[in-house]
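Student: Below are the chains, spelled out letter by letter.
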Amino acid sequence: MSGEASHRDDAALVQAALASDRSAREALAARLECVATMVASLHRRFGRPLADSDLHDLAQETLLKVWQKLDTFNGASRLETWVFQFCFLELKNAMRRGQRRQDRERPLADGADLAAAAPAEPLHDLERVVALLDRLPAEDAEWIRLRHFEGLEFESIAQRCGRPANTVKTRYHRALMKLRRWLGVAPLRPEIASAPREAGA
Amino acid sequence: MNDDEPCSDLSPADDALLERVVVGELAPDAAAVVARAAESPAFAAALAATLALQGSLDSFGELARATVAEAAAPPAPPAAARRAPLVPAPARRWLPLLAAAALLVAALLWPRERAAEPAPTGDPALLGAAAIDFGESARTLAAGREWSFVHALPPGGWYTLTWRAPGDLAGPPLLERRLGAPRYVPTAADVARLPAGLAEVEVRVVACAADGALLAAGALRCSVVR
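Here the protein sequences line up with chains H and Y, keeping their order. The first sequence begins at 0 in numbering that gives the first Met the number 0 and counts up by one. The second sequence begins at 0 in numbering that gives the first Met the number 0 and counts up by one.
The hints are simulated quantities; they were obtained by calculation from the structure and are not laboratory data. Here a beta-carbon is modelled for each residue, glycine too, at the ideal position from N, C-alpha and C. A portion of the hints provided could be inaccurate.
[As the list claims (entries may be wrong)] Which stretches of chain H does chain Y cover? Using the computed rule of at least three CB atoms under 8 Å from a CB of chain Y, they are:
#	region
1	31 to 38
2	72 to 80
3	149 to 161
[Stated by the list, open to error] Here are a few chain Y residues that face chain H, going by a calculated C-beta distance under 7 Å:
#	residue
4	F59
5	V190
6	P194
7	L197
Work the whole structure out from these sequences, hints included.
Tutor: Structure, rendered in structure tokens:
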């Protein structure tokens with residue numbers, strides 16, 4: 000089965016489950032058992048920042064969010080890839096909540112500089128990037144996901160969507176520019192970008 | 000933020016050059032790109048930021064593919080399990096979570112004809128279901144000991160509680176109760192219905208509104224005390 004056909008099957012499965020098809024629901028339930036595994040896998044990759052009991056709750060919350068959003072799944076990607084985004088965002092949210100709790104509980108030394116103590120932000124916060132994708136026009140977001148999350152070439156995306164490859168490329172580029180602007184991405188201000196790198200900098 | 004806002008602060012020529020790079024028609028170190036970046040700080044900044052953004056998206060994609068592949072991997076064959084009789088501690092810690100998650104899914108997918116004794120009113124409410132917050136008391140099942148959980152049930156609503164042997168999602172329930180409040184005091188007869196030697200049971204709770212709409216669901220494993 001091709002990837003595209005598989006995605007269409009996933010969308011059909013979800014639609015059937017939403018339409019109260021009992022066997023579809025059972026099949027979907029089996030597929031969504033991946034939520035707990037994915038949350039556990041991500042948690043391990045992120046260095047196990049949460050307690051086991053928190054992780055249990057997080058898996059349940061994530062599963063419910065997936066259910067609440069099932070009607071937005073359109074088969075543009077594999078069901079598990081779509082579910083993964085929920086797992087990632089929910090885990091990152093939980094990690095942030097945990098960090099804030101720790102920060103509140105940690106006494107500050109006199110004169111401590113909170114800003115200086117904060118960890119350096121990555122150039123692009125993955126969490127923000129992924130969340131902002133939902134603010135793009137649906138088709139643009141879908142093409143970005145297919146390109147980067149599914150690893151498809153532009154020609155394959157064009158074929159799948161029935162659009163000319165050049166259209167896909169141009170829209171993809173415009174969508175990236177939008178994302179960049181929304182992220183406020185000017186990690187290299189023009190004067191910095193063009194400045195010669197100083198020794199030891 | 001709308002679809003018509005300008006996407007680039009570059010000149011059309013720079014924007015076209017940048018597009019060729021981001022879609023892979025030109026390498027970032029192609030002579031034309033390097034020359035333009037040297038001439039235009041704005042172009043250089045846009046190029047660097049866009050490539051970084053693509054790198055972030057690629058990183059996320061790699062993480063997604065690796066995690067999805069791991070989730071789809073079949074469990075270790077029995078022979079391998081026999082060779083490694085001791086389950087590593089982290090994996091052991093996850094077994095209850097996996098079981099509970101599977102139970103939660105099953106609870107959410109509970110056939111409406113069983114949960115909704117009044118005429119079912121359609122399924123959309125299923126998607127608005129919330130998780131039930133279990134308290135400590137719900138972790139033990141013992142005769143005479145109140146078993147409760149945290150949930151606000153609207154008037155006319157009810158809970159269906161079903162206990163099963165751990166991992167047995169398909170078989171008939173060992174014990175089933177319908178409650179009008181989030182508390183239950185098991186009787187000795189209830190506990191006696193559980194097979195002797197069964198130290199733990201899994202319970203799933205489904206909360207329904209008066210019209211049968213599913214309000215919340217939850218599942219957990221609890222210890223049986225005789």
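Student: Would you mind marking each hint as holding or not holding in the structure?
Tutor: Quick rundown of the hints versus the structure:
no.: 1; hint: 31 to 38; verdict: holds (count 7)
no.: 2; hint: 72 to 80; verdict: holds (count 3)
no.: 3; hint: 149 to 161; verdict: holds (count 3)
no.: 4; hint: F59; verdict: 5 Å, holds
no.: 5; hint: V190; verdict: 25 Å, violated
no.: 6; hint: P194; verdict: 26 Å, violated
no.: 7; hint: L197; verdict: 22 Å, violated
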